[in-house]
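**Q** The primary structure of each chain is shown beneath.
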Amino acid sequence: MSILVNAETKVIVQGITGGQGKFYALRNRAYGTKVVGGVSPKKAGTDVEGIPVFASVADAVKETGATATMVIVPAAGAAGAVLEAAEAGLALIVVVTEGIPVHDEARFYNQLQRDFPSSRILGPNCPGLLTVGECNIGFIPAEVAKPGGPVGIVSRSGTLTYQALNELAQKGIGVTTCVGIGGDPVPGTSFIDCLSLFEDDAETKAVIMFGEIGGSAEEEAADFIRSKMSKPVVSYIAGVTAPPGKKMGHAGAIVSGSKGTAQAKMEALEAAGVRVATNPTAAGELMADVVRGL
Amino acid sequence: MDLFEYQGKQLFARYGIPVSAGDVASTVDEAVRAADAAGYPVVVKAQVQVGGRGKAGGIKLAVSADEVRTHAAAILGMDIKGHVVHRVWVEHASDISEEYYASFTLDRSAKKYLGMLSAQGGVEIETVAEENPDAIARITIDPVDGLREDACRAWVAQAKLSPAATDGAVDILLKLYHAYVDGDADLVEINPLILTPEGKVHALDAKVSLDENARFRHPEWDEFVGLEKTDARELEASEKGLQYVGLDGTVGVIANGAGLAMATCDIVHEVGGRPANFLDIGGGASAQVMANALEVINNDPAVRAIFINIFGGITKGEEVANGIVQALEQVSIASPIVIRLDGTNAEEGRAILSKYESDRLVSRPTMVEAARTAVEMAEARP
Numbered sequence: 120m121s122i123l124v125n126a127e128t129k130v131i132v133q134g135i136t137g138g139q140g141k142f143y144a145l146r147n148r149a150y151g152t153k154v155v156g157g158v159s160p161k162k163a164g165t166d167v168e169g170i171p172v173f174a175s176v177a178d179a180v181k182e183t184g185a186t187a188t189m190v191i192v193p194a195a196g197a198a199g200a201v202l203e204a205a206e207a208g209l210a211l212i213v214v215v216t217e218g219i220p221v222h223d224e225a226r227f228y229n230q231l232q233r234d235f236p237s238s239r240i241l242g243p244n245c246p247g248l249l250t251v252g253e254c255n256i257g258f259i260p261a262e263v264a265k266p267g268g269p270v271g272i273v274s275r276s277g278t279l280t281y282q283a284l285n286e287l288a289q290k291g292i293g294v295t296t297c298v299g300i301g302g303d304p305v306p307g308t309s310f311i312d313c314l315s316l317f318e319d320d321a322e323t324k325a326v327i328m329f330g331e332i333g334g335s336a337e338e339e340a341a342d343f344i345r346s347k348m349s350k351p352v353v354s355y356i357a358g359v360t361a362p363p364g365k366k367m368g369h370a371g372a373i374v375s376g377s378k379g380t381a382q383a384k385m386e387a388l389e390a391a392g393v394r395v396a397t398n399p400t401a402a403g404e405l406m407a408d409v410v411r412g413l
Numbered sequence: 439m440d441l442f443e444y445q446g447k448q449l450f451a452r453y454g455i456p457v458s459a460g461d462v463a464s465t466v467d468e469a470v471r472a473a474d475a476a477g478y479p480v481v482v483k484a485q486v487q488v489g490g491r492g493k494a495g496g497i498k499l500a501v502s503a504d505e506v507r508t509h510a511a512a513i514l515g516m517d518i519k520g521h522v523v524h525r526v527w528v529e530h531a532s533d534i535s536e537e538y539y540a541s542f543t544l545d546r547s548a549k550k551y552l553g554m555l556s557a558q559g560g561v562e563i564e565t566v567a568e569e570n571p572d573a574i575a576r577i578t579i580d581p582v583d584g585l586r587e588d589a590c591r592a593w594v595a596q597a598k599l600s601p602a603a604t605d606g607a608v609d610i611l612l613k614l615y616h617a618y619v620d621g622d623a624d625l626v627e628i629n630p631l632i633l634t635p636e637g638k639v640h641a642l643d644a645k646v647s648l649d650e651n652a653r654f655r656h657p658e659w660d661e662f663v664g665l666e667k668t669d670a671r672e673l674e675a676s677e678k679g680l681q682y683v684g685l686d687g688t689v690g691v692i693a694n695g696a697g698l699a700m701a702t703c704d705i706v707h708e709v710g711g712r713p714a715n716f717l718d719i720g721g722g723a724s725a726q727v728m729a730n731a732l733e734v735i736n737n738d739p740a741v742r743a744i745f746i747n748i749f750g751g752i753t754k755g756e757e758v759a760n761g762i763v764q765a766l767e768q769v770s771i772a773s774p775i776v777i778r779l780d781g782t783n784a785e786e787g788r789a790i791l792s793k794y795e796s797d798r799l800v801s802r803p804t805m806v807e808a809a810r811t812a813v814e815m816a817e818a819r820p
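Going down the list, the sequences are from chains D and P. The opening position of the first sequence corresponds to residue 120 in the working numbering, with each subsequent residue numbered one higher. The opening position of the second sequence corresponds to residue 439 in the working numbering, with each subsequent residue numbered one higher.
I should point out that these hints are in silico values taken from the structure, not numbers from a laboratory. The beta carbon of each residue, even a glycine, is placed where N, CA and C say it ideally should be. Among these hints, one or two may not hold up.
[Unchecked claim] 30 Å max Cα-Cα, derived DSS-like pairs, lysine-lysine:
#, chain 1, residue 1, chain 2, residue 2
1, P, Lys598, P, Lys550
2, P, Lys550, D, Lys347
3, D, Lys347, P, Lys549
[To be verified] So, partial list: chain D residues that the calculated Cβ filter (under 10 Å) puts toward chain P:
#, residue
4, Thr165
5, Val167
6, Gly218
7, Glu224
8, Ala225
9, Arg233
10, Thr278
11, Leu279
12, Thr280
13, Glu339
14, Phe343
15, Lys365
16, Lys366
17, Ala372
[Claimed, not checked] Per the computed footprint, the stretches of chain D lying under chain P, defined by three or more beta-carbons under 8 Å from a beta-carbon of chain P, are:
#, region
18, 235-242
19, 266-276
20, 297-305
21, 329-336
22, 350-360
Just chain P, with the same shape it has in the complex:
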């Protein structure tokens, strides 16, 4: 779950990481109130989860309430690379001497944590990594031991920040590590981490991605849920508890198991079509889950055909087929459906489905044939 900058900063503040005084606003009036409280000059920043906000005109400096009004009015509702701005973050503008970069994430190869720190902040870290890899100081942290202060200090020294920033950086990095681990984040990133002319170090931006598997021990995350979904289909699917990712094609996909769902999208693509979504209904395909899945797909206006790809494992083919039939009785579906049912008792399952077969509901024995049929059906519809 990716947080917006303002949510990330609020989370940082809870771990004692210094951030600028500011507040989130969803109207021009709220923005002015936030600016008055933060103290001028202020920066008005679009809250979208996409890079390049500054270049798109989504980050503006304002020295007065009038300027806040002008900028907030322009930024709210702005479309930045397909992301509509619903909120702005308004904070007191900082004087900047230097810009750094800091982050913690999992190194999946090493199966340990990776901290990255660079004196070259304020730009994309991928660019730094490509053009000047030596400018990034890396530290590998054993999750059992954690990040100790002496190791952190050595890491900061290795990054060659300004000596004035050393103590502040060590303090922030230790707190950021706590935010990463205790906060159950997949990623915490500060870019830029700044040094002010007064010698203070603080977080000017916040990028946080939370581990949804840890939600059971973070009731405070409830306020974040759903806000990050810009895709209405994904919002509906997440409310129904489905594993769904919106794509831009015309063949709606339903499969059981993440691997099979990915493989189903791939095979639609392979035979010349485009999947409209990834949707994993999980292990046992109960009628209710299938009905929910069909409803989400049915509400996607781009869908022209639906491909249901089920491999019966523990759940037997006839149970899956009965689930599909029941679901179809519950939901009225606009698009034709192709079903591929394989695995345990697939023959029995197909026999059940055959009674309901029509030009709107067809069954195919293999993934490839089913994908071809679904793509043909999608293309045949206006």
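Next comes chain D alone, as it looks inside the complex:
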């Protein structure tokens, strides 16, 4: 069991003929992901090391039966790519592209909500997601991760996701699915979406949630955890030392006035019964404790 993707998930790559697109398409395939096609209007009919390239997402879906896509195109073309994927009926649209204007994100998110409610966006500006041993879409270095659970991971930050995977692997703890929701202001998939899926997943017994400053998604997640979650959650929030008004690398990582501070998020999570660590390593240790007690 896992969430969102598994060994059967068929994936296409929008932007497969770009340098990055090719690199990650092949890397994901080498991991075992069913990368069944790519899209590039100018190079339709060719292939990327055996992966057929189609002119449109609709063609690719018709020929391959894909249900998921990785969007790895330049920021200026991302909105068009997401809408094309939704129109073709794809259920999961993983947008790893970074640097997308926030108004584009706000528009395509709301357009999908209204016109294509069965399509889910993950990201933008996310490292993708990994169901260990089955399917890897995006950048996550999956080789170290041990399959089979019992831990699920959800994080706004890419590198902290990798860090969490590594810490658990070193302790011999397995992971079901690891989801990077991305650091932009309008994430298509929220902490709550992932927590809810993990709560319903039989194999996931505990969840690591890495948040960061900006917005109120962690506070909303805390409410959800208190009222709806039975499984233990361990958390770390990055950005305790971030000054107000500065974007800390991620477009969404900004303390606005007194809103969105790490302190407020940690307090909300602690009040909801979450074990909150002061650094990522300590979070790994807390999770090891939790797993021992399962």
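With chain D's structure known, arrange chain P on it following the hints.
**A** Just chain P now, with coordinates in the frame of chain D:
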């Protein structure tokens, strides 16, 4: 990217939003010329990106060229909460009957746009929100639909502005919405939006923050770039294309990934030190990017020790280590360096670094140990 008031007003004017006649000046003579052109009386306003300009003496009324001279001379070069005034905005003074507040921004929870309008303008909106939340009329706008005139009119009615202001306010708000969306702004705010005794509505101030991700479709923004950076270190880093935020500590921080860079600053703080900066060098840590990062940190006189925190993902540990070694050959570094290298092939990477280890370059296996060592080194230096 935050704009100065004068840049915001110039941007507003492009979207047809009425602003007072005026111009920007960086010398006393320019200020007088701007005042002569705008027509007396004028207001001379310090251009700094910090609140409380008026209280600090940075906004003055002048009825003559002599008064402009006196005020501009006093305001230019003034230090307002650490922000030195390099420019003043000089505009024709407006008669004010009423002061309102208007803004558009993203409601991150709702993932829709939020418009806020209040009949209580001219004061901090946070204060109004705390003391009298009902005085703020809010409208949620679906980004796909946009702001329609009938919805805008209903919103203005809800805010209970003076009836004389209704038509002018609706007109300005629709234009402000365009400035927000088509202008690719994160925030547009007018405070105060004024009603004059003649019944005209116009923008007396302008606060605009632009979305840097949209720069590729706004070549006209080139004129804004760099001007808002008051921190010389941030200016240098942005010229080198690095994600850098200046802080006030003594431990220089370099990490890959925004989350890890924030976590690195946090852990320095946790073990009793203070980070000098946030610096994210991004995914693959190439030697050149690392060299650029080290150069920026090295130019910060407050830095006493450097903490390089790299998690090798796709980029393997030995490549990262070679990048660091090459960078160190390119840049002569004043401070001792602590490196924590983890992730893919970390052992191989550490083996490479071990050949270069000295009391100036040490490697530690975990974030916590590396942070402790960096803080100790920073404190040990005079």
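**Q** Which of the stated hints cannot be reconciled with the structure, identified by number in ascending sequence?
**A** 4, 5, 14 and 18
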